[in-house]
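J.: Residue numbers for the sequence shown follow our numbering, beginning at 482 and rising by one.
These are computed hints drawn from the structure, not numbers from a lab.
Remember, predicted model here, so these are calculated numbers, not experimental data.
Beta carbons: idealized from backbone N, C-alpha and C, even for Gly.
Each computed PhoX-like pair below joins lysine-lysine, with the alpha-carbon atoms no more than 25 Å apart: (1) K530 x K556; (2) K556 x K489; (3) K563 x K529.
Listed next, with one range per pair, are the computed distances between beta-carbon atoms: (4) N576 x D619: 22 to 30 Å; (5) S551 x P676: 51 to 59 Å; (6) D492 x Q626: 34 to 42 Å; (7) R649 x G527: 23 to 31 Å; (8) Q637 x F580: 17 to 25 Å; (9) P498 x D621: 16 to 24 Å; (10) R490 x Q626: 26 to 34 Å.
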Amino acid sequence: VALEAFAKRTDLQKFAPNALAIFALQLRFGIDDPDELADSVTDGEGDKKVDVFYVDDEFGVAVIVQAYESDDATKVNPPLNKVTDLNTAVSWLINPSTFEGLRPEIESAAAQLAAAIEDGLISTIEIWYSHNCPDNPDVDKELEQVPITAKALLDQVHGEQATGIDIRGVQVGQGGLDNLYAKRTQQILIEDTLPI
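Start from the sequences, fold in the hints, and give me the full structure.
T.: Take a look at the structure:
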């Protein structure tokens with residue numbers, strides 16, 4: 482269902498190959514205009530495996546995304562190496578060894594994340610593998626390692642300021658997209674009549 486709605490969204494084509502991740506962020510955070518997320522795209526040469534980075538101040542959530550779109554959405558297995566790439570992504574965003582030669586978008590994302598943590602604005606970090614394939618249990622298994630890496634780095638770099646930050650690995654495949662789409666589009670149904 483969500484992929485059908487996504488296919489009709491011509492306004493997202495300019496974000497390819499990260500259009501699906503932008504669509505998922507729109508659904509997750511209720512963002513009407515995808516252009517509000519244009520600065521969140523970090524993909525490109527030297528992106529350190531971070532395709533999209535977004536901070537929602539209202540919800541206190543930072544999202545780190547590795548994105549993949551298969552030409553064949555019925556493909557059962559999205560590439561697992563993309564999940565392991567997320568360990569590299571969190572490493573460069575949380576504890577960059579150098580800014581020299583780093584893509585400006587990644588340098589900016591790392592600085593934004595550090596500032597949000599230092600200011601106590603982040604309560605949750607979601608680390609997404611966004612893809613258009615069916616949800617895969619092997620992906621979920623691989624995603625279990627990524628928050629462990631992120632937590633160790635946060636503790637090392639930010640110490641007590643990182644205490645209490647919830648870190649989650651999230652698979653946003655067909656099932657995850659459908660759930661986000663349903664939450665965003667379902668209407669509130671009133672089934673009972675209450676006399677007042």
